[in-house]
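> Each chain is listed here by its residues.
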Amino acid sequence: MLDIPLWKRVLILGVVAIGLIWAMPNLFYSRVETHNDAVAASEKAGFATEEQQAAMAGWPNWLPNGLVNLGLDLRGGAHLLAEVEVAEVYKSRMDALWPEMRRVLAEQRDTIGAVRRVPAPDGELHIEIGNADQMAAAVAAARTLATPVVSLSGAGQNDIDISASGKVLTIKLSDAEKTATDDRTVQQSLEIVRRRVDEVGTREPTIQRQGANRILIQVPGIGSAAELKALIGTTAKLTFNPVIRRTTDANESPGIGNALLPSIDEEGVYYVIEDSPVVTGEELTNAQPSFDQNSQPAVSFNFNPSGARKFGAYTAANIGQPFAIVLDNEVISAPVIRDAITTGAGQISGSMDVASSTQLAVLLRAGALPAKLTFLEERTIGPELGQDSIDAGRIASLVGFLAVVALMIASYGLFGVFASVALTLNIGLIFGLLSMIGATLTLPGIAGIVLTIGMAVDANVLVFERIREETARGRGPARAIEEGYSNAMSAIVDANVTTLIIAGILFTMGSGPVKGFAVTLAIGIVTSVFTALWVTRLMMVTWFDRARPKTIEV
Amino acid sequence: MAWRLKLVPDNTQIDFFRLQAITFGVSTLLAVASVVCLFVMGLNFGIDFRGGTTIRTEATQPVDVGAYRQAIAPLNLGDVAISQVFDPTFGADQHVAQIRIQAQEGAEAVSPETIAKVEDALKQVDPSITFPSVESVGPKVSGELIQTAVMAVMASLVAISVYIWFRFEWQFAAGAFVSLIHDVLITLGVFSLFQIKFDLTTIAALLTILGYSINDTVVVFDRLRENLMKFKTTPLRDLMNLSVNETLSRTVMTSGTTLVALIALLALGGDVIRGFVFAITFGIVIGTYSSIYVAKNIVLWLGVKRDWSKPDPEALPDQFRDAP
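In the order they appear, the protein sequences are chains P and Y.
According to this note's numbering, the first sequence is numbered sequentially starting from 5.
According to this note's numbering, the second sequence is numbered sequentially starting from 11.
I should point out that these hints are in silico values taken from the structure, not numbers from a laboratory.
In this text the structure is predicted, and so the values were computed from the model without any measurement.
The beta-carbon is built from N, C-alpha and C at its ideal position, and this holds for glycine as well.
Treat the hints with caution; some may be incorrect.
Some, not all, of what chain P presents toward chain Y, calculated at C-beta under 7 Å [what the hints assert, rightly or not]:
1) A140
2) D163
3) I399
4) A414
5) F511
6) M513
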């Protein structure tokens, strides 16, 4: 009656063993971590240094090497939540559309008259035509530039909306195109943020999209959120624009299609430049910190073939003219073209120190952000605070664990010992599962484990109380144990399903620490039901088979 | 008979309805007082919910709140709250303070320049000062966080009640629902009364309390359902007493082990999560109380169908029903 089939015994012991093996690396946290780092670094480099080989030897390769990730609140680091200003892209799309549109409309000059761009709100292109009565022809011409949007929701829509009133033609992105653009912008920003963070090479950064237009960035081990912000908050939009003139009047009107930008290192100097760039940073293939001929820090770069061709053609046609190197709407320098530059290589210099030239090179290499980032949330946690929390959590867990064990053994004697062994295995299994799925342990997560320690015995308590009742009712030991388990079952299931529902809701709504809590809570429920229902039962049955007691005391 | 620790004597026959009037009165009173307290005093929202910046400082010299305040005052940052943090786990020369700065007009998150200025000003007061954590949340996010938090609590209440409804009867679901609301309200009331910092982790704690409280309630309901099938004529009130008495030993034992573990965490777990642990600890006590005194009283009051041995004839399709 109390027999557990062999396959079930093997299964239970197997699950416990696998769980514990997976949990084991966490006991040797720092050793396994250096091993993993060394493996990753040597794989990336293609060879291993002596140091790395020593680190790799510190942990055998055939053992699992998964670790529980420590959350930012335990390891220290920086957390940022950024919003991508997706609407900014609409403006640059319109700027890029203008030359094309001008060409198309100019072909119709005979019917629609002269064409010129007039001031418009951001994200719209307003074009005035000479003959207002020929507007239909202008709209038709403009429409030749519209292309259908390829998306699930916006099928059948064009990418631009064209409307006309009086002699002004208004062009803006259609809603379907805006949605598609927004998505692309966020994806691209995410990719660039990832590249920038990777360039600095910190361990296990978390960079993920949140909601429609937000990016969550968590970097362990970085000094402060301000540092991280300096790295990823810069747009790093590099362009090479034709210079129209140089001025010292900050309020000068630059004219349509032009822009007035301040110089970065000459106080009070402004440049009027053409809005449409000759070449942009997107056509760079490489950038590295270097020194110019005066031994000042500089950044050297190379264009890709198409960038080199455009730059070569422009410089060849404009010898003696200045052109501006513009970074994030500031003119870094405006050298005069002496020769056609056809090699596709160049150098940016001007007020920089070695640190800032290194950073600029990183930013240029990683590419420009398509739009500005606004930071909605930033958190910095020092590593000492995290370590303090780990230590406090460890002591509290240990004390809590011992107290629960004492209470269980005092109340249930030998059965209490079974429950305590199961509890120990339970904690091991929690860590095993956390490592296996690569979950992140946070400070509330530690609290979740302590809470589980307290609540995990609940299933056992339910069973033991039932066995007690059945014994009091005069049942024999074997029967009492059997009935105890089967009668307690429905209460155990209901009680744990409700808690699982809560954990699920916490997981969906929560961010960072709260999510970590939800994960440990959910895992704790699953492992505690497993250990209480199968592991303690296996122990109890094995003991019962050996001892064959006439009566049992619970 | 070997010695056993018995938190609850065997075969208790406590009449849990004897003090019904008093417990009901106390529960109602506490719930109403909590609502009043929430309206009058409000909650001491952390930056998660109202935006702003908190800076944790640590120094080897004792914290001088007045001097800190004076140092920051010239920066014109609006509402600045400074409080010293005490904890038994701190070393002798570890002096910690928490500075909270309100969300700044027109800025989503406090700029690094402002934080740098605050840090510089404080370093003038005490050169040994360090800043183990700096957190800043913009008003846009904090508004959304409140919404999500309220939604989460509501969703949990509804999801649990629906589950209980499926597994038991609607009266049980109603009882569970009322007792959960009771737990949430009173916990909120305590947070309001003592102005304990209320942030995202407190919401997590609140949901955990719901989980624990329902856990306890379900165990009692489960036993009640069993007894309803066994004793078909015993008055409902007596059956409820029987069920609570039978499960009392388990209730006390589980609350005991959970509380023991939590008290260890409360005392030794450090100040960072103390508010969180306090909420759960308090909630466990109130949740245990409510599953004994609130949930089943509601069920008794609503009444429940008595014959659980046969399937409900109402639930049968017409063709299987006996002709009248």
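> Next step is simple, just say for each hint if it's right about the structure.
Outcome of the hint check:
no., hint, verdict
1, A140, "violated (45 Å)"
2, D163, "violated (30 Å)"
3, I399, "holds (5 Å)"
4, A414, "holds (4 Å)"
5, F511, "violated (10 Å)"
6, M513, "holds (4 Å)"
Going down the numbered hints, you'll see the structure goes against 1, 2, 5, while the others check out.
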